[in-house]
Amino acid sequence: MRFPARAALASTVILVLGSCDAVPAENPLVTQREEPAAEPPKREPVDSLFGHLAYAETDAPLADAGRYRDTGRVVQLRAEAAQAFRAMQKAAREAGVELVPISGFRTKGYQDGLFARATRKYGSTESAARWVAPPGYSEHHAGLAIDIGALERPETDVETTFEDTPEFAWLKNNAHRFDFEISFPRDNPQGVSYEPWHWRYTGLAKSP
Numbered sequence: 012m013r014f015p016a017r018a019a020l021a022s023t024v025i026l027v028l029g030s031c032d033a034v035p036a037e038n039p040l041v042t043q044r045e046e047p048a049a050e051p052p053k054r055e056p057v058d059s060l061f062g063h064l065a066y067a068e069t070d071a072p073l074a075d076a077g078r079y080r081d082t083g084r085v086v087q088l089r090a091e092a093a094q095a096f097r098a099m100q101k102a103a104r105e106a107g108v109e110l111v112p113i114s115g116f117r118t119k120g121y122q123d124g125l126f127a128r129a130t131r132k133y134g135s136t137e138s139a140a141r142w143v144a145p146p147g148y149s150e151h152h153a154g155l156a157i158d159i160g161a162l163e164r165p166e167t168d169v170e171t172t173f174e175d176t177p178e179f180a181w182l183k184n185n186a187h188r189f190d191f192e193i194s195f196p197r198d199n200p201q202g203v204s205y206e207p208w209h210w211r212y213t214g215l216a217k218s219p
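For what it's worth, this note's numbering labels the leading residue of the sequence shown as 12, then goes sequentially.
Derived by calculation from the structure, the hints in this document are not laboratory data.
There could be a bad hint or two in this list.
What the hints assert, rightly or not - The list that follows gives simulated cross-link-like pairs (lysine to aspartate or glutamate, DMTMM-like), each with its CA atoms no further than 25 Å apart:
(1) K183 with E166
(2) K183 with D58
(3) K119 with D70
(4) K119 with E91
(5) K217 with D58
(6) K101 with E192
(7) K101 with D58
With the hints as constraints, model all of the structure from the sequences given.
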């Protein structure tokens, strides 16, 4: 009789089939189903032109931040920014450096004239925008940006050589104490040319 042999064979088959259930799911020979790719996070559209962000003209009250040298022209900022600049100017003076306000709040009409002249000088609006923001895209419209100079170095006004003055060195180390930061450092992500004289007030973001 060969039944025992058949029984032994059947047992072997059962053991083999049973062992198939023990194949681990992470076995590299087992094809895994790919998960659907996650959708990228949605980003809000940013209104910009040649790297400059859009700014509306502020309707907040403006205040006197000082006069530009001996021209008699009053530089204005939003009241909070003007107060912070004057405090910063006082601290700088006590440290032996004199900060001069060059330009603050600008209307879109005034910016339009600046940009038109820059376009004629550089030959195209795109080239001009590396140096002057188009109207509607200047931080100066917000009344929170100020161009700063050095009293004893008028030739460095709105020039990159301002970075060689004691005033700029002082600003780099102390402006943050008064909630000011440089807007366009070297290699800034907006692609705007380096402007060591251009600073913006950030204190409003800290207000409750």
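Hint by hint, here is what the structure shows:
no., hint, verdict
1, K183 with E166, "holds (20 Å)"
2, K183 with D58, "violated (29 Å)"
3, K119 with D70, "holds (13 Å)"
4, K119 with E91, "holds (21 Å)"
5, K217 with D58, "holds (24 Å)"
6, K101 with E192, "holds (17 Å)"
7, K101 with D58, "violated (37 Å)"
Violated hints, in rising order: 2, 7; the structure is consistent with all others.
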